[in-house]
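A.B. asks: Input sequences plus hints: build the corresponding full structure.
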Amino acid sequence: MSDDHSNSDHDSTAHHDSDHHSNNGSLRVSDYSPGSAAAQGLQCCHHCGLLAPSSQHRCKRCHTHLQLRKKYSLQRTWALLITAILLYIPANLQPIMRTNLLGQEDLSTILGGVVLLWEMGSWPIATVIFIASVMVPLGKMLALIWLCLSVSGSHKRWPRQRTMTYRITELVGRWSMVDVFVVAILVALIQLGQLMSIYPGNAALAFAGVVIFTMLAANSFDPRLIWDKLPPDDDSSHPSHTRKAGDSSI
Amino acid sequence: MNDLFFITHTACHSCDLLIRLPQLTPGEKALCPRCGHMIEHNITHGPALSLSFAISALIFMVLSLQFPFLAFEAQGQTQQMTLLQSATELAALNYLPLALLLVLFILPLPTLVLTLLCLALTKQMLGVATHWQKRYLQWLTMLEPWCMVEVFLIGILVSLIKISAMADIILGISFWAYVFFTLCMTASLACLDKRQFWQSLGDRTDV
Ligand SMILES: [Zn+2]
Ligand SMILES: [Zn+2]
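Just so you know, the sequences run in chain order A and B.
Quick note, the first sequence lines up with residues 1 to 250 if you use my numbering.
Quick note, the second sequence lines up with residues 1 to 207 if you use my numbering.
Please keep in mind that the hints were generated in silico from the structure rather than gathered at the bench.
One should not assume that every hint holds.
[Claimed, not checked] Distance windows between CB atoms, simulated:
id : chain 1 : residue 1 : chain 2 : residue 2 : range
1  : A       : 168       : B       : 76        : 44 to 50 Å
2  : B       : 194       : A       : 164       : 29 to 35 Å
3  : A       : 75        : B       : 96        : 29 to 35 Å
4  : A       : 107       : B       : 25        : 55 to 61 Å
5  : A       : 112       : B       : 96        : 22 to 28 Å
The model shown is predicted, which means the values in this text are computed figures rather than measured ones.
Glycine included, C-beta positions come from ideal geometry on N, C-alpha and C.
C.D. replies: Now the structure itself:
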């Protein structure tokens, strides 16, 4: 445990007893990384954070149904992710907005809109839209694919970086909705009949679907899976008091 | 393992490392030593700040529904819009799913989250821990990621810049109320540390 400023790498003082760790009786130690709660027969309520034995079904404090890991995490993440990827195709090929200017109809796709803004010289908004509507959803889907593949292939490298990737994926997800909101606002605001009217295109809803499904996919992924397959010697930065407490009580 | 062990320890939500919870002084954060995930943040006067921001946010939200939101003037024609009209206009043009998504993410869900927050915090500050309070907090955690008030605000700014070339834009009172609503809501959620909240609901794990 470290506070705001301190780095965690200095507190691996109890390293010498790590080999005692894997023979703690009847627990399914080998499935989980050493130092993890699961390896010591414990689980944590995902709502209130209260610790409980792995055998317990409901949290004593908030009565949430307890699970050692999210159920069918990878299958659900893949299913939602594939849905998002499929929706991403019409979201980019179909027009997101139809502009009716003096009787002339003009269709614009997401990328077309970015290019147009760039050419008009308003490159700050072009950048915002490009990041929010192109880079973020694409990056999110690629990140989730990487995470899922690395977990099912039990990769052992960069666990911390992969966890960080997951956290960022979770945080930025909502921001891709910007473009959908822009279309909605423009449609609501600009209804001047023949003079100028704006209507949403098919891509607007498809894109909203991409955002929602990637958010759900990120939600169903369990980052603890990244750490479960790690070998005992890989990471040993747990604080000494954690180890003592775990050992003395089992 | 005794009861004290279960109260003083927790597992990281990101990597499942078993951790002993430290005693934090106000303003201090506890980070997971293995993956860097934030475990707990002792915010000075966190609950009081969170509650006051939540109440202000609710007031600003009510205000933002009362007045004109944006007006748009082009070649002698003016069009005015309230916040709700952004959705009803879409619905009137037969884009009902889009209208529902829009209105859901920016009005009912945030209102629900703020109300749950107010209810839970008021009861906590009055010192009554009820079964319902825990429900409120669970719902709050589930709904929080789906509130997109700040994303909508960025959306407004982007669309304003997009059309500023061809028309004059007049920002209404509601627009400013909405800006303050967004700021207060973000601040309110940022001031709430859920682990501390749960702990304040009692180490009596049997409630
Ligand atoms: Zn719980
Ligand atoms: Zn961790």
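A.B. asks: Next step is simple, just say for each hint if it's right about the structure.
C.D. replies: Status of each hint after checking the structure:
{"no.": "1", "hint": "A/168 / B/76: 44 to 50 Å", "result": "holds (48 Å)"}
{"no.": "2", "hint": "B/194 / A/164: 29 to 35 Å", "result": "violated (21 Å)"}
{"no.": "3", "hint": "A/75 / B/96: 29 to 35 Å", "result": "holds (32 Å)"}
{"no.": "4", "hint": "A/107 / B/25: 55 to 61 Å", "result": "holds (59 Å)"}
{"no.": "5", "hint": "A/112 / B/96: 22 to 28 Å", "result": "holds (26 Å)"}
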